Each structure stands twice: as structure tokens, then as C-alpha cells.
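Trainee: From first to last, the protein sequence lines are chains A and B.
Here the first sequence stands for residues 9 to 196, numbered as in my numbering.
Here the second sequence stands for residues 6 to 596, numbered as in my numbering.
One or more hints might be untrue.
Okay, the calculated beta carbon distance ranges per label pair [stated by the list, open to error]:
(1) A:T17 to B:E530: 53 to 63 Å
(2) B:G335 to A:G62: 34 to 44 Å
(3) B:G334 to A:E186: 47 to 57 Å
(4) A:K41 to B:E530: 34 to 44 Å
(5) A:T141 to B:G334: 24 to 34 Å
(6) A:D126 to B:D546: 23 to 33 Å
(7) A:E186 to B:D325: 49 to 59 Å
(8) A:T17 to B:P465: 13 to 23 Å
(9) A:G172 to B:E530: 44 to 54 Å
(10) A:E169 to B:N243: 48 to 58 Å
(11) A:G144 to B:G334: 23 to 33 Å
(12) B:W369 to A:F163: 23 to 33 Å
(13) B:K327 to A:D126: 49 to 59 Å
(14) A:K81 to B:S9: 55 to 65 Å
No lab work stands behind these hints, which were simulated from the structure alone.
Please read these numbers as outputs of a predicted model, since none were measured by experiment.
Backbone N, C-alpha and C fix where the C-beta goes; we use that ideal spot for every residue, glycine too.
In case you want the letters, here they are:
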Amino acid sequence: MSIDGKKVTASEGRTILDVASEIGIDIPTHCHKEPFEPTGVCRICLVEIRSPEGESELHTACTYPVREGLEVKTDTERVKRTRKLTAELLLARCPDSEAVKKLAEEVGVEKTRFSKKDLDCTLCGLCSRACKTASGNSIITFVNRGPDREIITPFEIFPSECKGCGACAEICPTDAIEMVEVEDSEEK
Amino acid sequence: MKISSIEDLKKVKESGIKSLYPKKPKFRFGAASCGSGAGIEATRNAMDDARIPEKIGRSSTVGCIGACYAEPLVELYIPRKGRILFKNVGVEEGKEIINAAAKGKIKKKKVFCKIENEYCVINDEKRELSEFPLTDEIESPFEEGYLDEILKKIPEISELDYFKNQEKIVLRNAGYINPENIEEYIARSGYETLFKAFQMDPEEIIKEVSNSKLRGRGGAGFPIGRKWKLCKDSEGENKYVISNGDEGDPGAYMDRVVLESDPHSMIEGMIIGAYTIGANEGFIFIRNEYPKAVKRLENAIEQAEKHGILGKNILGSNFDFKIEISRGGGAFVCGEETALMSAIEGRLPTPRPKPPYPTESGLWGQPTLINNVKSWANIPVILSRGSNFLAGLGTERSGGTKVFSLVGDVRRRGLIEVRMGTSLEDIIVGIGDAKTEEVKAVQTGGPSGGFIPTDFFDTPLDYETLTELGSIMGSGGLVVAGENTCMVDMALYFLNFTLSESCGQCTPCREGLERMRDILADITEGDAEIKDLELLRKLADYIEDASLCGLGKTAPRPVLTTLDHFEEEYREHVEEKTCRAGVCDFGGDRE
Numbered sequence: 009m010s011i012d013g014k015k016v017t018a019s020e021g022r023t024i025l026d027v028a029s030e031i032g033i034d035i036p037t038h039c040h041k042e043p044f045e046p047t048g049v050c051r052i053c054l055v056e057i058r059s060p061e062g063e064s065e066l067h068t069a070c071t072y073p074v075r076e077g078l079e080v081k082t083d084t085e086r087v088k089r090t091r092k093l094t095a096e097l098l099l100a101r102c103p104d105s106e107a108v109k110k111l112a113e114e115v116g117v118e119k120t121r122f123s124k125k126d127l128d129c130t131l132c133g134l135c136s137r138a139c140k141t142a143s144g145n146s147i148i149t150f151v152n153r154g155p156d157r158e159i160i161t162p163f164e165i166f167p168s169e170c171k172g173c174g175a176c177a178e179i180c181p182t183d184a185i186e187m188v189e190v191e192d193s194e195e196k
Numbered sequence: 006m007k008i009s010s011i012e013d014l015k016k017v018k019e020s021g022i023k024s025l026y027p028k029k030p031k032f033r034f035g036a037a038s039c040g041s042g043a044g045i046e047a048t049r050n051a052m053d054d055a056r057i058p059e060k061i062g063r064s065s066t067v068g069c070i071g072a073c074y075a076e077p078l079v080e081l082y083i084p085r086k087g088r089i090l091f092k093n094v095g096v097e098e099g100k101e102i103i104n105a106a107a108k109g110k111i112k113k114k115k116v117f118c119k120i121e122n123e124y125c126v127i128n129d130e131k132r133e134l135s136e137f138p139l140t141d142e143i144e145s146p147f148e149e150g151y152l153d154e155i156l157k158k159i160p161e162i163s164e165l166d167y168f169k170n171q172e173k174i175v176l177r178n179a180g181y182i183n184p185e186n187i188e189e190y191i192a193r194s195g196y197e198t199l200f201k202a203f204q205m206d207p208e209e210i211i212k213e214v215s216n217s218k219l220r221g222r223g224g225a226g227f228p229i230g231r232k233w234k235l236c237k238d239s240e241g242e243n244k245y246v247i248s249n250g251d252e253g254d255p256g257a258y259m260d261r262v263v264l265e266s267d268p269h270s271m272i273e274g275m276i277i278g279a280y281t282i283g284a285n286e287g288f289i290f291i292r293n294e295y296p297k298a299v300k301r302l303e304n305a306i307e308q309a310e311k312h313g314i315l316g317k318n319i320l321g322s323n324f325d326f327k328i329e330i331s332r333g334g335g336a337f338v339c340g341e342e343t344a345l346m347s348a349i350e351g352r353l354p355t356p357r358p359k360p361p362y363p364t365e366s367g368l369w370g371q372p373t374l375i376n377n378v379k380s381w382a383n384i385p386v387i388l389s390r391g392s393n394f395l396a397g398l399g400t401e402r403s404g405g406t407k408v409f410s411l412v413g414d415v416r417r418r419g420l421i422e423v424r425m426g427t428s429l430e431d432i433i434v435g436i437g438d439a440k441t442e443e444v445k446a447v448q449t450g451g452p453s454g455g456f457i458p459t460d461f462f463d464t465p466l467d468y469e470t471l472t473e474l475g476s477i478m479g480s481g482g483l484v485v486a487g488e489n490t491c492m493v494d495m496a497l498y499f500l501n502f503t504l505s506e507s508c509g510q511c512t513p514c515r516e517g518l519e520r521m522r523d524i525l526a527d528i529t530e531g532d533a534e535i536k537d538l539e540l541l542r543k544l545a546d547y548i549e550d551a552s553l554c555g556l557g558k559t560a561p562r563p564v565l566t567t568l569d570h571f572e573e574e575y576r577e578h579v580e581e582k583t584c585r586a587g588v589c590d591f592g593g594d595r596e
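Required output: the full structure, derived from the provided sequences and hints.
Mentor: Structure representation (C-alpha cells):
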């Protein structure tokens, strides 16, 4: 297969992101972190792929499995334009997040054209995946849909299954989850 | 009885024919959800109460024949004559009709059309109803000469402008049979094709399906034969088939009508598909907002099991197959295949990136063949009539017919089925009886379809032509926008819909659509600037390109197509703060 014209040999089961990073090609990421299953939701890692029909499509590098003859481009105008708008939208959502500011800078965005929402969470979902891995339960997960989607505990009640391991807060790229000390479990 | 041979099936067929054409006259009521909405239950209750059992037989239910504008629809079956359909029958009219019938008279006022010749597309059989029932004795209060005089003046259904250019393949039995009686399905040659399929090699079936040029009726239009081949060749411990009946488009009800009117046509297709790819388990995913469809489907599955058509050793073969119903929880995004499978598995219905495709890794990671309700219903016709028959009905690139729900600003609304390649003009003017000058545009393909202005109404419709026009085939909604429609307001309406139905996981769809919605709202309220139009288009292009699933990738269509074809309306809103349709209110700023 090839990435940005460089011929690469890669084994099956790997993703474009894996292979690109091995040969030193930088693709920005936000919602993906090893060892968790990638979900491809933030869309910042989009790359251009020529489909078998000869058309060019955008796909997330973190989820796309490599295959024989794959032609990937990571720095076309279309890719850059798309990443910029994604960054602008995330920056408007979380204007004070250092991680989002850094991500925006990485793709060449300094400010956003959209009104600011002042939220902390980009809905990358890493906390929920970490929670499931660390606790075996889904103490925090997504609820609602569309613009109302958020990360929450079931029915907004603090579940006794939460052992306070802190995996969610540890992995959160925007520091939207804060660990606090509590004495009485009622107050959790 | 369990059917295990073609002779058994024939016996059930005879019984079904007796049920379709009894020796006494009877009334049938068009009682799909559309009929119920129009008030058929009240009409039926009143008519059943007024029935004189010596003269008129027990009434029954049929599905929807497609003429929504004529509902409530009541059919009077007369032995050895045929069916007379009455339109817009309210309680009082209904009583008059049944009282007249008991005296051997036809109440002419509400007569819609007649069916003297019935056609069964499955085996190309023409039935002259003057020959049915086949038994000698009939009991009818109608005098022969009187009836012939009357019937002469009633148009045959195929002569009506609404029906004459339609071609019923998927809807072949809708409105003709009782959807709760499997025998009536069999009476119209149902499940005969399944016997034939079991004699065929799976590869041969795939070849037939491929040659028919049938493409996915859920909207994306992937060639069905190729999908079946991919799934058959995939390896997995188990394989599954799924019927996608999660139809959530506002103004569209094609799948609902199939499920409520003729559930076995889909079930027969699913069994054939399962046999072909080697699956023993199937799911029908259906939205919970369709309670009548769910009930009829449950009943159909139960009857099929009783007759040995589902379960172990189907029709005496070595093939086992069972079907389970999975009901949606009210999320439009469940129509997206990966979200749908996630919902069946009991998880949140959020789409996942493809590849891998369901044919390799679908339900519980196993190869899964998922098709739309209407795609499945086509299958028995392909195998019984041969692939050339279906291919011959369509265009070069796309075989068969297309079911549309024709709604909005037309005089005759309803569910129609036309050959692929029929023009919008033939549909909207010919069938819908709209005047071109009173129409602004038509939206095809549901809430994420584009608006096509009247200039393009002569285009023959198929997947490619619609894509070229900036719209999509979608599952088949056709919403006609009349001259008093504000195109900006219309775009806003549909964007609000897709935004509220977005699962919200990916940035372009969640954040981007919301920003588009804000700009559109500003435009309709007179708070936008001309540069916002440019940003609106940029966002639309971006969301189409960057979204994770088909919902996001198509959601900007209504905005993009109205921007393309009705840009002056947008400009008027922004620059002059006027809405030519008089729909948008600019807070008293208007003169």
C-alpha cells in the first residue's frame, strides 16, 4: 500500500493510523488512544482514500483497516480543509480546553467563526471506554442524541459500582472530569 | 397444517381461494394504518352492525391498495362478478351501501372503481372474477341484468388515471388479501416460489438476483445480487439475515404498507435469502411506532410456523430458519444498518465506521445480509418470473419498480409503485394530479433528500439521475412543495429533523448541523448576513464529506439543493427581509 506516495508493507489487521505513525507521517488524533478500540467519532484524523471504483473518499485513519493496494493521502487540500472545520467546531464547543486549542493549532486554526458554547467535554468517549475496561461496568456512558448527547452516570445517580478508580479522569483529554474527595457516599 | 409437499400447498391454496372468493357477497375494509386514520373502523363497525347474515357474508380486512385520497375504502365482493370499491365511505354512507346491497342494489354515489380482472404477477395469472368462486352454488341478492348494467358504467381499476401507469410488484397483494390470513397469500400463489428456490443451487439464485438488476430499496441502491454473493462467500460461525423496516422519514410509509398489507411477501423473500447465504436465523427490525405492522407481522410469523414455512425442515426440506421481531425505540438513526444491528444486540444505536461491512462482520460480528423490506418483497417475483422480467421493467442500470409515497401539494395522495425510470412529471402530474405551475419543487428520498425544481421533472428517475440532480432515491418519500412553500423554511424544517435525530457521536453531524440550523433560523428571522450563506454552504459540503454515517452524509441535501435552485429566495430573506411565500415572520419589519 502507499501513504502520501510512500510505498509501505503492512500486516493485515492494522489501521492506517498505526502504519502512518511507524513511517513518521503525523496524523492528528483526538478521540483515539491505545489500547482502546477506535471509534472514529471526532473525525480529526480523516484521510483521503481512493475507493476500488476510483472515487476518492474520506475515512478515519484510526479505524480504517489496511489492505493490499490501498492508496492513502494525508495532506491534500480536501483533508486540510475538513480538519480545519472540525477543529473550528470543536474549538467553539470547548474554547477553554488546552487540548482542543493545541489540536486546532496543529491543523492551522487560530480562532473559530462560530459562537462559543463554553463546554468542557468534546464527547470523544474515551472516559466511557476506559471505564468499561477498568471497571468492567459502564458507570459512565453516553445518553441522549444529537446536540443533547452527553456523558453521564445511569439516571444521573452515582452508582455504588464506581470504585473511584479515576481511569475516566486520567484519560480525559480536556480535563472535563475532576476527581474530588468525598467522605459520605451519599454525597458522591 | 404443516406443508411438506407441493400437493399440501395446493390444498391450502384451494382453501385460500374459497376465502378470497366466497359464495356469498361480502364487504372488505381497507384497514392499514392509513385507513384507520381516515376512520375505517367506525365505518366497519356500523356496517357490521347493519349486516343481514342471510344476504351478506362476514366482512374481513384487507391492506392498503394505495389510494389514500379515496379513504376510507370499502370493497363489495360479489360472487361471479368481482369487486366494487367505494371511496370516502363514512359511517352513514357505509350503512346506506350495506342496506342497499342486502336488497340487491348498488349505491352509486360513492363508487370508486371495479376489479373484474385480477392479476397475479407471481405466476402471470389473469383471473376473471366472473369465474369465481369455482363451486356451483352461489348465493347473491343481486339480479344479474341489473348488476351488468351498473358494472358497465364503473371503470376498471386499471383504467383510473391514478392506477393506469402503476406496476404492482412489491405491492402485488396489497389491498387484495387479508394480511392476517396466510391462506389468502397462498391463494395468490404465495410460497410457490419458495419450493422452486429450494430446488435451485444458491449460486444460481444469486445469478438470477444479480441479473434482475435489483438494487437496495432502502435508498443507497447497492446491487442486491452482489451483496448476497459477498455474504455467501464470507465465513463465519453463524450467519444472519435482517429485514430493515425502521422507516422513519416524515411523510413516508412504504414499508409500513407492505408489512400491514402483505407481510408474507417479505417473509418469503427473507427465507429465500437465508437459504441462499446459509443463515438459520433472521431478524425483522421494525419501528415501535408501527403497532399494527408489528401485530400483523407477529401473526404472519406464527401462521408461517404453523404451516411449516418457518422453523425446522421448512416445506419438508432440510432447511431450518426462524425469524424474530426486534422493535425500535424511536430513533431515526436505527435505519442506518450498523446502528440497527447495534440496537438488535441491545446496545445504543450508534453507527460505526465501514469497512468492515455487514456482509463480513455484522450482527454479533458475523456475516449478515441486511436488506430493506421492499427489497425482500421483490425476491419471490424475480425467482418465479425470471430475472429478465424484473430487469425489463426498469432502466439500464436499475431493474424493477419503485414504491413511492406521494404526499404534499398534490390532489391525489397515496402509495404508488411505478417502473424505475418513470419521470417525476408522470408521477406528480399524471398520478398525483398536480398542476406543474402550482408546484415549486419535489423532495425525494426523505428528510435528507434534495429538492428538485419543476425544470427537471422530465428526468427519468433512477439512483444515478437523482444523485446527479443533487438528491437521493432514499427509501421513496416524495414530498411535493406547492407554490406557497418557503424553501428556506422547508430546508430549516428538515434540518431540524435530522439534527434532532442525529445520534450525536461525530463532530460534523452534531456540531455542524447545529450551526447550519442556527444560520437557517437567523435567515428566516431576518438576522443573517450575506456572508452567512457562504458559511452555510461550506458547512453543508463539509458535513457531507466528513460525517461518519449516511445520516450525516446526506442531511445537508435539502439545504444544498434549495441553495442551488432557489438561491434568490435565500437572498431575499437576507437582503430584503422578505419571504415571498409569506411564511417567515421578520418580527414586524415587513412592509
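Trainee: Mind checking the hinted window 48 to 58 Å against the Cβ distance between E169 of chain A and N243 of chain B?
Mentor: At roughly 32 Å between Cβ atoms, N243 of chain B and E169 of chain A fall outside 48 to 58 Å, so the hint is violated.
Trainee: Starting from the range 47 to 57 Å, see whether the pair G334 of chain B and E186 of chain A falls in it by beta-carbon distance.
Mentor: Violated - the Cβ-Cβ distance for G334 of chain B and E186 of chain A, about 33 Å, lies outside 47 to 57 Å.
Trainee: Determine whether the Cβ-Cβ distance between T17 of chain A and P465 of chain B falls within the hinted range of 13 to 23 Å.
Mentor: Violated, since T17 of chain A and P465 of chain B (Cβ atoms, about 48 Å apart) do not stay within the stated range.
Trainee: Between G335 of chain B and G62 of chain A, is the Cβ distance one that fits in 34 to 44 Å?
Mentor: Given a distance of about 40 Å, which is inside 34 to 44 Å, the answer is holds.
Trainee: Hint says 24 to 34 Å; check whether the CB-CB distance for T141 of chain A and G334 of chain B agrees.
Mentor: holds, 27 Å
Trainee: The hint says 44 to 54 Å between G172 of chain A and E530 of chain B; measuring C-beta to C-beta, is that right?
Mentor: The hint (44 to 54 Å, Cβ to Cβ) holds, given that G172 of chain A and E530 of chain B are roughly 48 Å apart.
Trainee: Are D126 of chain A and D546 of chain B spaced within 23 to 33 Å by their CB atoms?
Mentor: About 28 Å separates the Cβ atoms of D126 of chain A and D546 of chain B, which means 23 to 33 Å holds.
Trainee: Is 23 to 33 Å respected by the C-beta to C-beta distance linking W369 of chain B and F163 of chain A?
Mentor: Holds - the Cβ-Cβ distance for W369 of chain B and F163 of chain A, about 28 Å, lies within 23 to 33 Å.
Trainee: Does the Cβ pair E186 of chain A, D325 of chain B satisfy 49 to 59 Å?
Mentor: holds, 55 Å
Trainee: Taking the beta carbons of K327 of chain B and D126 of chain A, is their distance inside 49 to 59 Å?
Mentor: holds, 53 Å
Trainee: If I claimed the Cβ atoms of K41 of chain A and E530 of chain B lie 34 to 44 Å apart, would that claim hold in this structure?
Mentor: holds, 42 Å
Trainee: Cβ-Cβ distance between T17 of chain A and E530 of chain B: within 53 to 63 Å?
Mentor: For T17 of chain A and E530 of chain B the Cβ distance comes to about 58 Å; the hint holds.
In terms of the numbered hints stated before, the structure departs from hints 3, 8, 10, listed from lowest to highest.
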